[in-house]
Amino acid sequence: MEGINIKSNVGYHKVNPLRWIKNFSTTSPTAGTIAYTKDGFVIADYVADLDFFAEWAVSYNPYNRVIIRRPSDDFLNNNANTLFPIGAAVKVSNENKSNSINEKLKNQEIWQKNFATYSISEFLGSFSLQYHMEEYEKIFDFLMENRFLAPLISEVIYNIENVYFKDENINFSLGIQTDPDSDSESLYLNIRSSGNLKKNLENLLNFQKDWFLANMGTKIHLFNVNIV
Amino acid sequence: MYNWNDFNKISKSLKKYAKVNSLSSEGFYRCAVSRAYYSVYHLLLNYAKSKGYNFRSYSRSIRSLPSAPKGHHSVLIHFLVNDPRNTQPVRLLGIELGNCKDQRVVCDYMNYITIDERYVNSMFVHIEHIYAVFPTLP
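So the protein sequences, as listed, match chains A and B.
In case it helps, our numbering puts the first sequence at residues 15 to 242.
In case it helps, our numbering puts the second sequence at residues 590 to 727.
If you're looking for bench data, these hints aren't it; they were derived computationally from the structure.
Treat the hints with care, as some may be off.
What the hints assert, rightly or not - In the DSS-like style, the derived pairs of lysine-lysine whose C-alpha atoms are separated by at most 27 angstroms in a straight line are:
| # | chain 1 | residue 1 | chain 2 | residue 2 |
| --- | --- | --- | --- | --- |
| 1 | A | 223 | A | 213 |
| 2 | A | 213 | A | 152 |
| 3 | B | 605 | A | 213 |
| 4 | B | 601 | A | 213 |
| 5 | B | 659 | A | 212 |
| 6 | A | 180 | A | 213 |
| 7 | A | 212 | B | 640 |
| 8 | B | 605 | A | 212 |
| 9 | B | 601 | A | 212 |
| 10 | A | 212 | A | 180 |
| 11 | A | 213 | B | 608 |
| 12 | B | 640 | B | 659 |
| 13 | B | 598 | B | 608 |
| 14 | B | 640 | A | 213 |
| 15 | A | 223 | B | 638 |
Claimed, not checked - Label pairs and their calculated CB-CB ranges:
| # | chain 1 | residue 1 | chain 2 | residue 2 | range |
| --- | --- | --- | --- | --- | --- |
| 16 | B | 707 | A | 139 | 44 to 54 angstroms |
| 17 | A | 135 | B | 725 | 27 to 37 angstroms |
| 18 | A | 135 | B | 644 | 11 to 21 angstroms |
| 19 | B | 592 | A | 177 | 15 to 25 angstroms |
| 20 | A | 161 | B | 608 | 43 to 53 angstroms |
Because the structure is a prediction, the values reported are computed rather than measured.
Note that the Cβ used here is the ideal one computed from N, Cα and C, for glycine as well.
All chains, please: the whole structure from these sequences, using the hints.
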């Protein structure tokens with residue numbers, strides 16, 4: 015079996031897909047299948063029982079924990095005809111190669127399934143190995159109520175580290191902010207940087223324009239990213 | 590009628606006072622952040638009203654959302670970011686107002702976080718950016 019390229023935050027890695035599938039065996043709560051595009055861009059679903067390939071770009075962080083990045087709508091639209099599933103997903107893939115409304119709906123369905131099954135504790139464990147976290151239990155409870163946020167935070171961190179603040183020395187802090195004015199809570203991800211404030215803002219605004227607005231607009235009251 | 594933009598000037602004065610009143614400098618820093626926030630809150634609230642925003646009717650329109658936003662500040666931000674009539678610059682200012690709100694809430698309610706000059710400066714960078722973009726809004 016030929017190797018495939020996995021894009022990570024430290025470069026590209028040649029990986030044997032079968033070995034990968036074995037790594038995500040059914041003994042793991044995060045079992046899943048894997049697929050890849052013609053150009054070697056790796057995608058994988060993160061749930062064992064999906065009958066259709068998913069479009070989660072996967073990379074490894076230095077702790078060998080999986081990071082899932084939700085692809086943009088443009089990515090899904092542009093690559094719908096070039097995504098090749100492996101294993102069980104093959105059977106249904108031929109029926110779904112066209113860039114149809116049904117396929118988009120299916121993608122949304124997969125996304126919803128992943129919201130429901132993503133391991134919150136695994137995500138927080140991975141996060142706390144690298145970054146600062148305030149009040150684990152509060153964050154855990156909040157993410158359990160808003161499960162869609164965990165994979166999005168992974169995506170935010172990936173984008174900020176590798177795209178928008180790639181030249182800066184930064185760290186992250188995750189916490190829950192309680193607003194007594196409205197008796198509500200929201201999750202915050204603060205980017206900690208000692209760099210130039212105006213440059214930081216410029217980077218943050220670019221992130222908000224390119225990614226945050228499209229992905230978090232309607233949920234703006236639940237999650238925000240700021241720089242301090 | 591009071592001009593809320595005055596709060597922006599006052600916030601800068603409060604930051605100066607912080608340097609000459611070392612015993613209560615953090616208090617001045619906190620007030621500076623809070624006043625700076627309210628200057629842009631009222632600026633964008635008035636803008637939103639000029640575009641037809643009404644707190645009660647907009648709140649009703651989004652109350653079916655899961656964990657719908659509550660309170661005047663969050664609802665205004667939600668309107669700025671999500672109302673389909675708003676252009677991208679307006680939406681982005683809504684997100685930035687959210688950033689400012691979070692910083693203001695820290696200053697007004699959380700005494701276990703130390704507020705220093707850098708924190709104030711990071712707020713002022715947001716405020717200056719909002720004031721710079723605001724005149725270009727449709």
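For each hint, the structure was consulted:
Of the pairs offered as hints, the one joining residue 223 of chain A and residue 213 of chain A holds, with about 15 angstroms between alpha carbons and a cut-off of 27 angstroms not exceeded. Between the alpha carbons of residue 213 of chain A and residue 152 of chain A the distance comes to roughly 32 angstroms, so the proposed pair goes past 27 angstroms and is violated. The suggested pairing of residue 605 of chain B with residue 213 of chain A holds, with an alpha-carbon distance near 24 angstroms, which does not exceed 27 angstroms. Simply put, residue 601 of chain B and residue 213 of chain A have alpha-carbon atoms about 21 angstroms apart, close enough for the 27 angstroms limit, and the pair holds.
As the CA atoms of residue 659 of chain B and residue 212 of chain A are separated by approximately 31 angstroms, the hinted pair breaks the 27 angstroms bound. Restraint check: the Cα-Cα separation between residue 180 of chain A and residue 213 of chain A comes to about 12 angstroms, which is no more than 27 angstroms; the hinted pair holds. Only pairs whose Cα atoms come within 27 angstroms are accepted, and residue 212 of chain A paired with residue 640 of chain B is rejected, the gap being roughly 30 angstroms. For the given pair, residue 605 of chain B sits about 20 angstroms from residue 212 of chain A by alpha-carbon distance, which is consistent with the 27 angstroms threshold.
A C-alpha spacing of about 17 angstroms is found between residue 601 of chain B and residue 212 of chain A, which places the hinted pair at or below 27 angstroms, so the restraint holds. The straight-line distance between the Cα atoms of residue 212 of chain A and residue 180 of chain A is roughly 16 angstroms, inside the 27 angstroms bound, and the hint therefore holds. Note on residue 213 of chain A and residue 608 of chain B: the hinted pairing holds, with a Cα-Cα distance of about 25 angstroms set against a maximum of 27 angstroms. Under the criterion of a C-alpha separation no larger than 27 angstroms, the hint pairing residue 640 of chain B with residue 659 of chain B is consistent with the structure, at around 21 angstroms.
A distance of roughly 16 angstroms separates the Cα atoms of residue 598 of chain B and residue 608 of chain B; the hinted pair therefore holds under the 27 angstroms criterion. For the hint linking residue 640 of chain B to residue 213 of chain A, the alpha-carbon distance of about 32 angstroms lies beyond 27 angstroms, and the restraint is violated. As the CA atoms of residue 223 of chain A and residue 638 of chain B are separated by approximately 24 angstroms, the hinted pair is consistent with the 27 angstroms bound. Taking 44 to 54 angstroms as the suggested C-beta distance range, the pair residue 707 of chain B and residue 139 of chain A does not conform, at roughly 31 angstroms.
Between residue 135 of chain A and residue 725 of chain B the beta carbons are some 46 angstroms apart, a value that contradicts the proposed interval 27 to 37 angstroms. In this structure the supplied range 11 to 21 angstroms is violated for residue 135 of chain A paired with residue 644 of chain B, their Cβ-Cβ distance being about 38 angstroms. Checking the proposed 15 to 25 angstroms range against residue 592 of chain B and residue 177 of chain A shows it is violated: the Cβ atoms sit about 40 angstroms from each other. Separation of residue 161 of chain A from residue 608 of chain B is about 46 angstroms and conforms to the stated range, judged on CB atoms against 43 to 53 angstroms.
In the structure shown, a violation is registered for the earlier hints numbered 2, 5, 7, 14, 16, 17, 18 and 19, in ascending order.
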